[in-house]
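Student: For reference, the chains in residue letters:
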Amino acid sequence: MAGILDFAPAIVLLPFVSFLVALSVGDRLPKGGAYAGIAATAGSLILSVATVLTVAGGQTYDATIYTWAEGLDAVDLTFGVLIDPLSAMMLLIVTLIAFLVHVFSLGYMNDEGETGLPRYYAGLGLFTASMLGFVVADNLLMAFMFFELVGLCSYLLIGFHFREPGPPSAAKKAFLVTRFGDYFFLVGVVAVFATFGTAAFAGEGSFPALAEAALNGEASVTTFGLDPQTWFTIVGLLVLGGVIGKSAQFPLHTWLPDAMEGPTPVSALIHAATMVAAGVYLVARMYGFYALSPTALAIIAFIGGFTALFAATMGVVKREIKQVLAYSTISQYGYMMLGLGGGGYVAATFHLMTHAFFKALLFLGAGSVIIAMHHNENMWDMGGLKDKMPVTYYTFLAGSLALAGIFPFAGFWSKDEVLYETLIHGLGGSPLLLGAYAMGLLAVFFTGFYTFRMVFLTFHGNPRSQTARDPHGVRWNVKGPLVVLGVLATVAGVVNMVPIEKLFGIGGIDFLHQWLDGSFEGLTAHHYADLIPYSSSYIGSEATTVAVGAALSLGLALAGSGLAYLLYNVPEPVRHTDRLGRIKGLLYNNYYQDEYQVWLANGVTRPVARAANKFDGGVVDGVVNGVSGVSLFAGGRVRRIQTGVVSNYAALLTLGLTALLLAFGILGGWFV
Amino acid sequence: MVPPEYYLLLSAAVFCIGLFGILTRRNALLFLMSVELLLNAANVNLVAFSQVWGNVTGQTFALFTMALAAAEVAIGIGIILVLYRNFDGVDVTDATTMRW
Amino acid sequence: MVYETIAFALFALVTVGCSLGVVLVRDVWHSALLLGGALLSVAVHYVMLQAEFLAAMQILVYVGGVLILITFAVMLTRTQPEVSNT
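Protein chains in written order, with numbering that gives the first Met the number 0: chain V, 0 to 671; chain Y, 0 to 99; chain W, 0 to 85.
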């Protein structure tokens, strides 16, 4: 298998080729270029599997492919490929989801008679390619470039139905909000270059390694007069700006629910594998850097915990199935951030993986439901679909159980580990982490509730509309991906059964921990565990803590689900949200976040801009105009000596000559 | 031998007469002639000093000036003819369109 | 010595007189003729300054060339009304 990693760039290039093919000749291909995309992502998937197998054999790969700017004061800007267990795992997830989404698109787009398919498949191809490029990036600048490409593709795909009013506006919002975060990211990239002179992720001279050495006093870096610890925190938080924008964390989460305007397979891709995952993946990628800064970690954890709870409460009242899923995505990425900030690197990566499976599954399932409902997304018009579409129902149920965190589905293991890691580190003397943990724990309840509210409203009870009584059938190309993901969402938890290991003392079943240890020196999970500035503490013994944590989260998830069962698993469910009174309005309007941001733009930014404009128009332009006015006036006067009469010129010439002679004479002392 | 001061006086006198002509007359042809007077005044000066110093440098310069004067007159004639055609006269104060 | 000074004074008078005539007379044609006189007297000064070659050139170039050109110009630009006026 030696040398298979040399084909790693092909994983990125194949979807890019499909993008080019779909763009150039897509309208002459059958199915609008879908097969090109499917073939390309299948090829990438096979290569990714080979890559994972090779990495499992203990190999890693880090090579510079192309240096596109060199000799710039010892800073070389390069494109490189870094394959370690983390990126190999992510490659597998992204290519798998992308492949399944392509197949699903056959059912969702082609069979539904959408137009503009070459554009759609070109977008999917570029989206996949840029995400894969981001995953394998071996330095921060390359990561940033592909990060931006991912943002561009999301813009193109969310605004796919550009003739309707909603999607273009949603696409613009997604683009601008994430761009706002990326602005900080760009500053962060420059800061990293300025500080370390390199942006490489791995190796001896990588910037996390340099930062670590600088903190230990073994290396010196440019910190612009600040204490290294402070400066690294600032840089980390700058990069975190991009992460918050892309991973839809509070307060930059507002674009994600609107992004539901895009086609459902695109939503699946955005939420499970590409766009939103990019932010969390970036933190995991440079975790060695974040682990050096307790402040940055605490902020990450707190933002994560808060977002998890905040988004979960909003998901409770939504009417559209995709809106519920959108808020659940924000909430779940909050968990990942919580895990990363709480020192649970492996836990967060694990949750990234399981979430990719079950969220893709839920979105594709929702897509299947939407096909069946003739593109009506309102859950109050559904009901009773359980018997009409059993494949969708059971896979969707598996995904929902995973999302709610019910034992033994995938989500249980990962969410539990995230919460567990946060708990033990919080008990070890970090009240902020304990607060974040509490919010995460509370969010579990809401997650269980909104998930099963969605399931019961959609699939149980009596049909509440004509279309729900006679749904549109779906074909193999919809059911196939659902089944694959349904199986994965059910069993993916076995790769990391830490609670079982800790409780029963069975060693060696924390496969993901072992997997993420087989990396470059300095990029291993163990190294990160040594770096994080937390100490652990337990309630009683370690096993007790595991049991208490798991029991708490499972109990809350079951309580939430049970409440949903009581309220909504009836033949004719009523809108219990009305009982919430004014809170319903608050939740339904997303805590007025959009209004708040619009107010921020209208009430603060616009007056500031207007004042700046006035200053520009009044003072700056005034000075410029004044200078030009003086020049014009003086010129108008001076030009009058240019009469056009030759005699006057001759007279002036003579006068000038005489004056010159006089001057020479006086200065030269001729008349003395 | 006549002292060079005399020649200087002569030269200065002719130069002033030429300048006077340029400043007072409005006829373009008079301009041309006055310029000839100026050049000749300068030439006289050059040749006088050439004799004082006993070399031919001044004379050589004077030769160049002559060539220059000839060329200048040729061009000047052309300009005056165009002036005459466009403005129906050779009064330099008529031609005031080349300003601003 | 004295003769030379007398000759110089004589021709200087001619030169200055002709020059004054050039700029003062009303008729351009007369001006041109007086210019010829001035140029010729300058040639005499050259001879007195022992610059015979330059004197020859003065007569050839100025009187034979420049003056002829000016004469042409005077004739070409002479307008009828002006003639009747003077």
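These are calculated hints, taken from the structure and not from any lab test. Possibly wrong hints are sitting among the right ones.
[Claimed, not checked] Facing chain Y, from chain V, some residues (calculated, C-beta under 7 Å):
#1 H459
#2 G460
#3 P462
#4 A558
#5 V644
#6 V645
For glycine and all other residues, C-beta sits at the position ideal for the given N, C-alpha and C.
Student: Determine for every hint whether it applies to the structure shown.
Tutor: Against the structure, the hints come out as follows:
1. H459: violated (90 Å)
2. G460: Because about 90 Å separates V:G460 from the closest Cβ in chain Y, which is outside the 7 Å limit, the hint is violated.
3. P462: violated (88 Å)
4. A558: Hint violated; V:A558 Cβ to chain Y Cβ min 91 Å, cut 7 Å.
5. V644: holds (5 Å)
6. V645: holds (4 Å)
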